[in-house]
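> Single-letter residue listing:
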Amino acid sequence: MSFSFNDINITKIENLKKRYPSPKALTLPLLWMVQEQEGFISLEAMEEIAKYTTRPAMEIYKTATFYTMFNLAPVGEHHIQLCKTLSCALCGKDDILAYIKETLDIEVGETTKDGKFTLTQVECLGSCGTAPMMQINQTNHESLSIEKIEKILEELQ
Amino acid sequence: MSDTTLQETRIVSQKFRIPNSYTLETALEHGAYSTLTTALFRPASDITTAIKESGLRGKGGGGALAGEKWLLMPTDDSRPSYLVVNCDESEPGTFKDRQIISKDPHLLIEGMILTSYAIGANEAYIYIRGEYQGFEKILQDAIDEAYSSGFLGKGLANTDFDLDITIHRGAGAYICGEKSALLESLEGKRGHPRLKPKNKEPEWYFGNPTLVNNVETIATVPYIVQNGALAYSKYGTSQSAGTLLFAMSGHIKNAGVYEVAFGTPMLEYINHFGGGIRGDKKLKAVIPGGSSTPVLTADEVANATLDYETLRSLGSSLGTGGMIVMDEDTNMVEALKNLLEFYHHESCGQCTPCREGTGWSDRIVAKILRKEATSQDIDKLLGIADIMNGKTICVFAPAVSGVIVSFISKFREEFELKE
Ligand SMILES: Cc1cc2nc3c(=O)[nH]c(=O)nc-3n(C[C@H](O)[C@H](O)[C@H](O)COP(=O)(O)O)c2cc1C
Ligand code: SF4
Ligand code: FES
Numbered sequence: 001m002s003f004s005f006n007d008i009n010i011t012k013i014e015n016l017k018k019r020y021p022s023p024k025a026l027t028l029p030l031l032w033m034v035q036e037q038e039g040f041i042s043l044e045a046m047e048e049i050a051k052y053t054t055r056p057a058m059e060i061y062k063t064a065t066f067y068t069m070f071n072l073a074p075v076g077e078h079h080i081q082l083c084k085t086l087s088c089a090l091c092g093k094d095d096i097l098a099y100i101k102e103t104l105d106i107e108v109g110e111t112t113k114d115g116k117f118t119l120t121q122v123e124c125l126g127s128c129g130t131a132p133m134m135q136i137n138q139t140n141h142e143s144l145s146i147e148k149i150e151k152i153l154e155e156l157q
Numbered sequence: 001m002s003d004t005t006l007q008e009t010r011i012v013s014q015k016f017r018i019p020n021s022y023t024l025e026t027a028l029e030h031g032a033y034s035t036l037t038t039a040l041f042r043p044a045s046d047i048t049t050a051i052k053e054s055g056l057r058g059k060g061g062g063g064a065l066a067g068e069k070w071l072l073m074p075t076d077d078s079r080p081s082y083l084v085v086n087c088d089e090s091e092p093g094t095f096k097d098r099q100i101i102s103k104d105p106h107l108l109i110e111g112m113i114l115t116s117y118a119i120g121a122n123e124a125y126i127y128i129r130g131e132y133q134g135f136e137k138i139l140q141d142a143i144d145e146a147y148s149s150g151f152l153g154k155g156l157a158n159t160d161f162d163l164d165i166t167i168h169r170g171a172g173a174y175i176c177g178e179k180s181a182l183l184e185s186l187e188g189k190r191g192h193p194r195l196k197p198k199n200k201e202p203e204w205y206f207g208n209p210t211l212v213n214n215v216e217t218i219a220t221v222p223y224i225v226q227n228g229a230l231a232y233s234k235y236g237t238s239q240s241a242g243t244l245l246f247a248m249s250g251h252i253k254n255a256g257v258y259e260v261a262f263g264t265p266m267l268e269y270i271n272h273f274g275g276g277i278r279g280d281k282k283l284k285a286v287i288p289g290g291s292s293t294p295v296l297t298a299d300e301v302a303n304a305t306l307d308y309e310t311l312r313s314l315g316s317s318l319g320t321g322g323m324i325v326m327d328e329d330t331n332m333v334e335a336l337k338n339l340l341e342f343y344h345h346e347s348c349g350q351c352t353p354c355r356e357g358t359g360w361s362d363r364i365v366a367k368i369l370r371k372e373a374t375s376q377d378i379d380k381l382l383g384i385a386d387i388m389n390g391k392t393i394c395v396f397a398p399a400v401s402g403v404i405v406s407f408i409s410k411f412r413e414e415f416e417l418k419e
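From first to last, the protein sequence lines stand for chains A and B.
Numbering follows this note's numbering, in which position 132 of the first sequence is assigned residue number 132; successive positions increment by one, without gaps.
Numbering follows this note's numbering, in which position 39 of the second sequence is assigned residue number 39; successive positions increment by one, without gaps.
Derived by calculation from the structure, the hints in this document are not laboratory data.
Please read all numbers here as calculations on a predicted model, not as lab measurements.
Where a beta carbon is used, it is the ideal one built from N, C-alpha and C, also for glycine.
Listed below are several chain B residues computed to face chain A (Cβ distance under 7 Å; list not exhaustive): (1) Glu89; (2) Thr166; (3) Ala173; (4) Gly188; (5) His251.
Computed list of chain A residues with no C-beta within reach of chain B, every gap over 10 Å: (6) Phe5; (7) Asn6; (8) Ile10; (9) Gln37; (10) Glu38; (11) Leu43; (12) Glu44; (13) Glu47; (14) Lys51; (15) Ala57; (16) Val75; (17) Glu110; (18) Thr111; (19) Gly115; (20) Ser145.
With the sequences and hints as input, model every part of the structure.
Spelled out as structure tokens, the structure:
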């Protein structure tokens with residue numbers, strides 16, 4: 001499997017380069033770019049990033065594995081990330097979790113057989129005032145109730 | 001005490017309730033960027049002096065005096081200077097900066113222009129947590145609008161000052177909110193905090209002098225430049241000047257963010273803006289300033305005012321001003337367990353007391369929850385907390401230590417409960 005950035009991204013990289021005093025700073029932006037282009041970050045993509053950032057591929061790997069939002073393997077089409085931290089826990093996160101697990105018939109960390117949903121629990125997403133909450137891909141769903149979740153999952157099925 | 005007089009003091013949140021305030025057109029109608037035409041024609045040091053005299057303190061959790069930090073930036077250095085705005089906002093219980101970037105992004109941009117001018121920076125970054133992509137989009141649109149209307153870029157606002165602002169997205173790591181870890185991350189590396197220097201000095205980004213401030217701190221700058229230091233320091237207390245976007249979450253009727261002057265009584269704030277405890281239950285405890293600050297009992301809350309000096313005198317800390325409210329039915333062992341899971345997951349792993357201490361204490365509290373703990377386990381927990389306090393690179397571990405000690409010392413009977 002080989003990797004290359006598409007033309008739009010190559011133009012973006014050229015512009016982005018001008019914004020940083022060292023190409024090393026492009027590491028996180030390019031990891032994001034790969035993930036947006038491919039859905040996850042392969043070792044081949046890390047080697048490509050290494051060229052742009054003038055760093056050894058191992059350094060890119062070291063950085064990529066530190067950050068929880070970088071997917072180093074493919075995830076489901078809809079990545080449900082339920083917040084598990086205190087304010088959400090105080091406001092009924094456990095009921096929401098039980099409902100999702102039962103409805104999708106998966107455990108935390110698993111993907112449904114059709115590859116549609118992946119369920120993970122994450123730490124505070126900065127929406128404690130509208131707890132409980134989750135993110136599906138990049139979209140926030142706040143002030144969750146069972147009825148609300150039911151609708152969201154139905155729409156995505 | 002009656003709370004009918006309690007009011008918001010809207011300095012940073014001035015435009016929050018105006019529809020479409022995130023657009024340049026609406027922001028301009030309400031005075032955005034009006035400070036530039038005068039301030040950028042005056043000496044840069046005028047701005048720093050005003051900030052220093054205002055008593056403005058950093059609003060990202062540490063509360064450092066902003067003016068003193070700005071003065072650490074060199075004025076005659078051949079290396080370029082940088083401004084980095086901290087929008088990592090990952091401290092549990094904290095959700096204030098997102099209000100600024102989604103409701104009044106131009107206020108932040110204006111603050112960044114003034115600050116960059118004051119410290120002589122022509123490049124500025126906003127480090128934003130990866131989970132805020134929805135808000136990031138609003139902020140990026142605002143930046144684009146500012147560029148196309150000449151408020152950013154070369155010779156901005158018809159002056160000879162140049163500034164570029166670049167948003168840099170994090171990727172899910174709480175520790176990247178710590179300023180030196182943030183800069184490591186901005187340099188493309190793992191978010192590992194750096195050893196603190198002996199003497200006060202600026203931060204360093206690729207070896208260049210750099211100022212790191214929180215979003216809300218920078219968003220306060222235009223008000224002070226416009227109205228003068230006294231107009232800001234007249235609010236609040238002698239050591240805690242001005243206002244903060246305090247926040248409430250947990251067992252509260254109306255969770256949310258409200259800007260008030262420092263010194264406001266905590267209970268009045270909770271009852272007035274929050275409408276009291278959900279289900280009309282009794283208050284049990286409040287974590288006052290984000291999850292890393294020691295918990296307060298209901299009695300302590302009744303005597304607390306929202307300022308640095310009072311919360312310190314109560315053995316806690318003002319932190320980010322994000323209060324997590326817990327009612328009488330809250331299981332404090334479960335609450336501590338929840339937080340320890342968070343800290344165990346988020347420790348960057350550089351220091352042994354932190355890496356091992358967070359995991360070990362989490363396992364002991366799990367044992368207490370399973371009713372399998374012995375009387376020695378509580379002492380062991382306190383022993384671990386002691387090891388975590390003060391022997392690490394950053395203040396993450398000492399903060400966790402303080403949280404553990406506060407939960408156990410104030411709610412010990414729940415930890416000792418055998419059934
Ligand atoms: C573990 C840890 C996490 C932090 N997280 C944040 C954060 O998310 N946002 C923030 O502005 N400051 C955070 N800080 C504080 C920063 O290190 C730094 O003091 C702050 O950004 C400086 O800006 P200020 O003086 O304007 O507050 C954190 C500190 C620590 C020790
Ligand atoms: S105290 Fe913890 S978070 Fe801070 S540097 Fe050490 S291991 Fe990392
Ligand atoms: S605790 Fe869930 S968003 Fe903060």
